[in-house]
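Protein chains: 2
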Amino acid sequence: MSEQMQHIVLASRPDGAPVAENFRLEQVAMPTPADGEVLVKVHYMSLDPYMRGRMDDAKSYAAPVPVGGPMEGGAVGQVIASKSSAFEPGDFAFGMFGWASHGVLPANQLQKLDPKMGPITAALGVMGMPGFTGWHGLNAYGRPKAGETLVVAAATGPVGSMVGQLAKHAGLRVVGIAGGAEKCALAVETFGFDACLDHRAYDTARDLRVALKDACPDGIDIYFENVGGKVLEAIMPLMNPFGRIPICGMISWYNAGGLGADATDGVMPAPAIWRNILVKYLSVNGFIISNHFDRYPEFLKEVGPMVAKGEVRFLEDIAEGLENAPAAFMSMLTGGNTGKQIVKLV
Amino acid sequence: MSEQMQHIVLASRPDGAPVAENFRLEQVAMPTPADGEVLVKVHYMSLDPYMRGRMDDAKSYAAPVPVGGPMEGGAVGQVIASKSSAFEPGDFAFGMFGWASHGVLPANQLQKLDPKMGPITAALGVMGMPGFTGWHGLNAYGRPKAGETLVVAAATGPVGSMVGQLAKHAGLRVVGIAGGAEKCALAVETFGFDACLDHRAYDTARDLRVALKDACPDGIDIYFENVGGKVLEAIMPLMNPFGRIPICGMISWYNAGGLGADATDGVMPAPAIWRNILVKYLSVNGFIISNHFDRYPEFLKEVGPMVAKGEVRFLEDIAEGLENAPAAFMSMLTGGNTGKQIVKLV
Numbered sequence: 001m002s003e004q005m006q007h008i009v010l011a012s013r014p015d016g017a018p019v020a021e022n023f024r025l026e027q028v029a030m031p032t033p034a035d036g037e038v039l040v041k042v043h044y045m046s047l048d049p050y051m052r053g054r055m056d057d058a059k060s061y062a063a064p065v066p067v068g069g070p071m072e073g074g075a076v077g078q079v080i081a082s083k084s085s086a087f088e089p090g091d092f093a094f095g096m097f098g099w100a101s102h103g104v105l106p107a108n109q110l111q112k113l114d115p116k117m118g119p120i121t122a123a124l125g126v127m128g129m130p131g132f133t134g135w136h137g138l139n140a141y142g143r144p145k146a147g148e149t150l151v152v153a154a155a156t157g158p159v160g161s162m163v164g165q166l167a168k169h170a171g172l173r174v175v176g177i178a179g180g181a182e183k184c185a186l187a188v189e190t191f192g193f194d195a196c197l198d199h200r201a202y203d204t205a206r207d208l209r210v211a212l213k214d215a216c217p218d219g220i221d222i223y224f225e226n227v228g229g230k231v232l233e234a235i236m237p238l239m240n241p242f243g244r245i246p247i248c249g250m251i252s253w254y255n256a257g258g259l260g261a262d263a264t265d266g267v268m269p270a271p272a273i274w275r276n277i278l279v280k281y282l283s284v285n286g287f288i289i290s291n292h293f294d295r296y297p298e299f300l301k302e303v304g305p306m307v308a309k310g311e312v313r314f315l316e317d318i319a320e321g322l323e324n325a326p327a328a329f330m331s332m333l334t335g336g337n338t339g340k341q342i343v344k345l346v
Numbered sequence: 001m002s003e004q005m006q007h008i009v010l011a012s013r014p015d016g017a018p019v020a021e022n023f024r025l026e027q028v029a030m031p032t033p034a035d036g037e038v039l040v041k042v043h044y045m046s047l048d049p050y051m052r053g054r055m056d057d058a059k060s061y062a063a064p065v066p067v068g069g070p071m072e073g074g075a076v077g078q079v080i081a082s083k084s085s086a087f088e089p090g091d092f093a094f095g096m097f098g099w100a101s102h103g104v105l106p107a108n109q110l111q112k113l114d115p116k117m118g119p120i121t122a123a124l125g126v127m128g129m130p131g132f133t134g135w136h137g138l139n140a141y142g143r144p145k146a147g148e149t150l151v152v153a154a155a156t157g158p159v160g161s162m163v164g165q166l167a168k169h170a171g172l173r174v175v176g177i178a179g180g181a182e183k184c185a186l187a188v189e190t191f192g193f194d195a196c197l198d199h200r201a202y203d204t205a206r207d208l209r210v211a212l213k214d215a216c217p218d219g220i221d222i223y224f225e226n227v228g229g230k231v232l233e234a235i236m237p238l239m240n241p242f243g244r245i246p247i248c249g250m251i252s253w254y255n256a257g258g259l260g261a262d263a264t265d266g267v268m269p270a271p272a273i274w275r276n277i278l279v280k281y282l283s284v285n286g287f288i289i290s291n292h293f294d295r296y297p298e299f300l301k302e303v304g305p306m307v308a309k310g311e312v313r314f315l316e317d318i319a320e321g322l323e324n325a326p327a328a329f330m331s332m333l334t335g336g337n338t339g340k341q342i343v344k345l346v
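Residue numbers (full-length UniProt numbering), protein chains in the order written: chain A, 1 to 346; chain B, 1 to 346.
Calculated directly from the structure, the hints in this document are not laboratory data.
The structure presented is a predicted model; accordingly, all values stated were derived computationally and were not measured.
Treat the hints loosely; a few may be bogus.
Just so you know, same-sequence chains aren't split out, so a pair can sit in one copy or run between any two.
[Unchecked claim] Straight line, CA to CA, 27 Å or less: simulated DSS-like cross-link-like pairs of lysine-lysine: (1) 116 <-> 83; (2) 59 <-> 213; (3) 168 <-> 344; (4) 41 <-> 213; (5) 309 <-> 168; (6) 59 <-> 41; (7) 59 <-> 145; (8) 112 <-> 309; (9) 168 <-> 83; (10) 344 <-> 59; (11) 213 <-> 344; (12) 344 <-> 145; (13) 41 <-> 309; (14) 116 <-> 301; (15) 41 <-> 145; (16) 168 <-> 213; (17) 145 <-> 301; (18) 344 <-> 41; (19) 301 <-> 83; (20) 116 <-> 213.
With the sequences and hints as input, model every part of the structure.
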C-alpha cells in the first residue's frame with residue numbers, strides 16, 4: 001500500500017451554523033510532485049472566517065468548495081520532496097494546501113519562509129492574509145488622518161488588531177469591539193486600543209450605540225467593517241460626515257446562508273443604510289485581499305519592521321491536530337478563539 | 001401700506017407624501033437691500049427632490065425648514081434694486097431666493113447670468129445644481145471607462161440626462177430607467193441612451209431585474225443612484241465586480257420620513273446590500289453637491305461648450321405661477337414632470 005496523507009473534506013453543506021457532520025476526515029494517497037512542483041508536509045494550517053462562505057453554494061467572488069472536496073485554506077510547512085530548483089527538502093513555505101497534512105503545489109504558488117525571521121505561523125496571521133487585509137483596507141479605503149476616531153470589531157483578531165495598532169500609530173483614537181471582558185482587556189493592554197466594548201454586554205444595537213457614543217465623543221470617522229449585524233446597526237448613526245467604511249467581512253451574518261431576509265441579526269432596513277451613506281457622504285468600499293496581492297511586498301516592507309520592533313503585536317490561538325480543525329473552526333465563528341486561529345499538525 | 005411680495009411657507013410637516021395643506025402662500029412686506037445687498041424679482045424658481053427632505057425634521061446634512069418658514073430653493077431673476085457695486089438693476093442673477101416672488105441676498109451669494117449665453121433657466125438645471133451633480137458624481141465616484149455599462153434612473157430628469165449623455169460621450173453603454181413609455185422614448189431619442197426601461201411596466205424588482213439583464217448583457221459597472229427602492233433592489237445583483245455606485249438621492253424613499261422600517265418600497269435587507277458590496281468589491285459613495293462647489297468652475301468650463309454645441313441636451317418642464325408651485329412639486333415627487341421642473345413667475 002502506498003504512503004497515505006489525511007485531509008478534511010466538506011461532507012455536506014451547512015444549514016446555518018456548521019456542525020461536525022459537515023466535515024469528514026479522509027485518508028488519501030500521498031501525492032507525488034511533478035516537474036516544477038513541491039511536496040510539503042504541513043506544520044500549521046490557518047482557519048479564517050472566509051472559509052464559512054466557501055461552504056455555501058451562494059454566488060460569491062470565489063467558487064464554493066464542492067461537496068466531497070477538501071476544505072480550502074492557507075498553511076505553512078516544510079518541503080519533503082521537490083521537483084523545482086527553487087525549493088529543496090527542509091525549506092519552509094506558505095501555500096494554499098487546504099485542511100490537509102500534506103500537499104503538492106507548483107513552486108511558483110509557494111512563498112518561501114525564513115524561520116530565522118520569526119515564527120513561521122506569522123505567515124498565516126500578522127504577516128499573512130489577515131494582517132495584509134487590515135493594512136490594505138485601512139490605508140486604501142479608510143484613509144486615516146491623525147485626530148480622527150476609528151472603530152473596529154473582532155478587535156483581538158488578526159485583522160482587527162492590525163487595523164487598531166496601525167491606526168493608533170497614525171494618531172487616531174481607536175475603539176475596539178470584542179466578545180467578552182477578557183478580550184476587551186487584551187485590546188487595551190496588549191494592542192493599545194483607547195477603549196474596547198464587550199458587545200455581549202449590550203442586548204440591543206441601541207444599547208451598544210449609547211456606549212459607543214460615550215467611547216467616541218467626537219463621532220466615528222472610520223468603521224472598519226468585519227462583522228455586520230448589531231455592531232453595524234449601532235455604528236451607522238454615529239458615523240461622521242465624510243466617514244469611510246472599508247468592508248472586508250461580515251462574520252455575524254455568515255451563518256445566514258445567502259444573507260437574504262432570513263438574516264435576522266441586524267434589522268436596520270436597506271433605506272436606512274442608504275440614507276446614512278447619502279446624508280453623511282460616506283465612502284463604503286468592499287474589498288477582497290486576493291485582488292491586491294501586488295501590494296503585498298509594500299506591506300511586508302512597511303509592517304515587517306514594525307512587528308520586529310514590537311510596534312505591532314499579535315496573538316495566536318493554536319489548536320492541536322488536523323482532526324480538531326472542524327471544532328476549532330466552528331468555535332472561531334462564534335468568537336471562541338482569542339487571536340489568530342491556527343491548527344498545529346506536527 | 002408698503003409694497004408687498006409673496007412667498008410659500010411650510011404650513012405643517014408632511015406625514016408621507018406632501019399634500020396641499022402642508023404649504024401656505026403668504027403676502028409679506030417687500031424687503032429692502034442693505035449695504036452690499038441686492039433685491040431681485042424672481043422670474044423662474046427651481047423645484048428639486050432634495051426639498052422633500054427639508055420638510056421633515058429628521059437629522060440630515062441640512063437643517064429642516066422650520067414650520068412657518070419659507071420653502072428653500074434656487075431661483076433666477078432680475079435685479080430691481082442694488083446696494084452693491086457688483087450688480088445694477090436689469091442684471092440677471094441666480095440665488096437661493098426660495099419659493100418667493102422676490103428676495104434680497106448679499107451680492108457675494110449671487111451668480112450673475114448673461115442672458116446672451118442662453119436661457120437663464122439653464123442655471124437651474126443643465127448648468128446649475130442638477131447638471132453639476134451629475135457631472136461631479138459621475139466623474140468623482142463613477143470613474144467611467146469606455147466599454148463599461150452605466151445605469152441611471154430618472155433618465156430624463158436633469159441629473160439623469162446629464163449623467164447619461166456624459167457617459168455616452170465617454171464611450172459607455174448607457175441604460176436609463178424612467179416612468180412611462182414617453183419618457184423612455186425621450187431618453188433614447190433626445191438623450192441618446194442605448195436603452196431605457198419603464199419601471200412602471202414591472203411589478204416587482206425581480207421582473208425589472210430580468211429586463212435589466214437583457215438591456216445590460218455585460219452586467220452593470222456604474223449605477224448612478226438617485227431613486228433607491230425597487231430599482232436599487234433590481235440592480236444590486238447585476239453589479240459587476242469593482243462596480244461603483246455614486247449616491248446623490250433616493251427619491252422613491254423620500255416620503256418615508258426618517259426612512260426607518262416603514263420604508264416598505266424596496267425590501268432588500270441590509271445584509272444583502274452589505275454582501276453585494278463585499279463580494280463584488282463595490283465602491284459606494286454618498287455625496288451632496290454643496291460640498292463640492294470648488295469644482296463648479298471646472299464643470300462650467302467643460303460642460304458649457306458641450307451644451308452650446310448641442311452635445312448635451314436638456315428638457316425643462318415649466319409650471320406657471322408661484323401659487324402652483326406646491327402642486328408642481330408634489331407631482332414631481334411621483335414623476336409627473338418631464339425634464340427639469342421649473343416654475344415661471346413672471
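(message) Please list, smallest to largest, the hint numbers that this structure does not respect.
(response) Of the numbered hints given earlier, those the structure breaks are 3, 4, 6, 9, 10, 11, 12, 13, 15, 19 and 20, listed in rising order.
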